[in-house]
Amino acid sequence: MPADAKTLATLALVFAPLSLVSVGGGSSIIAEMQHQAVAVHHWTTQREFTDLFAIARAAPGPGMLLATLIGFITAGWLGAVVVTLAFFLPSSLLMYVTVSIFNRWRGSTWHRAIEAGLAPIAIGLILAGAFAVLTTEGSGVLAWVLALAVTVFRMWRPSLHPLVLIGLGAAVFVVAHTFA
Amino acid sequence: MPAHSGDVPTARVTLLELFLLFSQLGLSSFGGAVSAWVHRAFVERRELIGEAEFAAALGLARIIPGANVVNLAVMLGHRLRGAAGAIAAGLGLILGPTLVAIALMIAYRRWGGSPGSRALLEGAAAASVGLLIAMGLAAGAYLIGIGTKSERDDVSSNRHHAPSFWSMIFFRKPVSTFRDHALWTWRNAANTALIGAVFILIGVLHFRMVPTVLVLTPASIALAYLFPLPRD
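So the protein lines, in turn, are chains P and B.
For the first sequence, the numbering used here gives the first residue as 1, with consecutive numbering after it.
For the second sequence, the numbering used here gives the first residue as 1001, with consecutive numbering after it.
Derived by calculation from the structure, the hints in this document are not laboratory data.
Treat the hints with caution; some may be incorrect.
As the list claims (entries may be wrong) - Here are a few chain B residues that sit away from chain P, every Cβ distance over 10 Å (derived from the structure):
| id | residue |
| --- | --- |
| 1 | VAL1013 |
| 2 | THR1014 |
| 3 | LEU1015 |
| 4 | LEU1016 |
| 5 | GLU1017 |
| 6 | LEU1020 |
| 7 | ARG1046 |
| 8 | ARG1110 |
| 9 | TRP1111 |
| 10 | THR1185 |
| 11 | TRP1186 |
Unchecked claim - Per the computed footprint, the stretches of chain B lying under chain P, defined by three or more beta-carbons under 8 Å from a beta-carbon of chain P, are:
| id | segment |
| --- | --- |
| 12 | 1048-1058 |
| 13 | 1063-1076 |
| 14 | 1087-1095 |
| 15 | 1117-1124 |
| 16 | 1133-1145 |
| 17 | 1189-1195 |
Each residue gets a CB set at the ideal place from its N, CA and C atoms; glycine is no exception.
Model the full structure from these sequences, guided by the hints.
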C-alpha cells in the first residue's frame, strides 16, 4: 500500500472537515464518508465499505473507528494515524475549548442551569438512539427482547459485570441462528 | 482554575489511571455502548462524577460535533485532571480499539466472515443497546424524580484506596438507593415530558436532530434556570 504524501494529504483534507460537521455523533456523517471514500476518491469499493462498517461496529471502542480503517486500507499504518488525527483531533479541540470555558463558571447559577437543562435532552437522545438501532438493525423481535431483558437485568443486578450480559446476548443469537 | 463549588472532589485519579481506565473501557465495550461503560466506571464504581453532572456531560458530548464517547472522554479527562487528563483519556479510548479494529480487519480479509460470527456480533450489539437504555434510565432517574443518586459522599473513606483494574472489576457495591418518598413535583413532570419529547420526535418520528435539539435545549435550560431542581 503506497503511502505517498499526496494521498495522506487528501485523507487529512477529507476527514478533518467531517470531524467538525459530525453533529450528534459519528453516525450522522457515515453517508458522506461513504460518498467520499467510494465515489469521489475510489479508496474502497461499496462492498468493502459495508464490510468495514460491520468490522468497526464489531470492534470494541468508538464506532467511528471506521474512519481509521479507511485510512489503513488506503495508505497503511501511516494512513491510519493521519486519518485518526484528522478525524478525532478537531472535534476534540472544540470540545476541550467549550468545556474549559464552561467549567470556568462552575458553581454559578447559569452553569447549574445549563447542566440541568442539558441532562433531559441527553437522556432523550440516548433512548432515541437505542430505539433507532433496534428498529433498523433488521434482527427483528429477538433483538428487542434481548435488549429489554438486558436493560431490566442491568438495573435489577447492577453488580453483575456487563460483559456477562453481552456474552449471553451473543450466545442467544448464535443459538437462535443455529436452530433457525 | 477558579474555585469549584466543592461538590465533587477532583484529582482523585492519576493521569496513568485515566489512560488505563479509558483503555479498559474502550476495549471492553464490544458491540458499542461505550458511554454505558464510562457511566459504570465513573459514576457507579469510582464515584468520581455525580449522576446529574454525568448526564450533563453526555448532553454536551452529543451536542458538540465529533464522536460522542471521545468528546465524553475529553470532558471527563479535563474535569478530573485538566489538559493532560483530556489527552490521556482521549488517547486511552482510541488507541487500544484502533489496534483491535485493524487486527480484526486483517483477520476478516484473510478468513472472511461466517454467518455464525455475524450472529455473534449482532447478539453482542443487541445486548449493548440494553446497557445503553439502562444507563439512560439510571442517569435520568434523578431528573424524573424517582430519586436514585450516586452515593459519592459515602465513599470518602475509600479516597486513599486506589483500586487496581481487577479490584474494580471484582469490587461490588450497590449503585444507588431509592430516596424515601421523593415527591413527584411538576418539575419532574416537565423533565419527563422533555425526555419523552426528544425520544418521540427524534427516535420515533425521525425529526432532524440538530434543529430539534436547538429548540428544546434552550427551553430546557431556561426552565432549569427559572425553576431549579433541588440539589442533593
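Evaluation of the provided hints:
1. VAL1013: 16 Å, holds
2. THR1014: 20 Å, holds
3. LEU1015: Non-interface label on LEU1015(B) holds, nearest chain P Cβ at 16 Å vs cutoff 10 Å.
4. LEU1016: 19 Å, holds
5. GLU1017: 19 Å, holds
6. LEU1020: 15 Å, holds
7. ARG1046: Consistent with the label, ARG1046(B) stays out of reach of chain P, its closest Cβ about 14 Å off (over 10 Å).
8. ARG1110: The claim holds: ARG1110(B) sits with its nearest Cβ about 13 Å from chain P, beyond 10 Å.
9. TRP1111: 12 Å, holds
10. THR1185: 14 Å, holds
11. TRP1186: 14 Å, holds
12. 1048-1058: holds (count 5)
13. 1063-1076: Since three or more residues must qualify, the claim that chain P covers the segment 1063-1076 of chain B holds, with 11 doing so at under 8 Å.
14. 1087-1095: holds (count 3)
15. 1117-1124: Satisfied; 7 residues make the cut.
16. 1133-1145: holds (count 9)
17. 1189-1195: That given contact holds, which follows from 3 residues of the segment 1189-1195 of chain B lying within Cβ reach (below 8 Å) of chain P.
Checked against the numbered hints above, the structure violates none of them.
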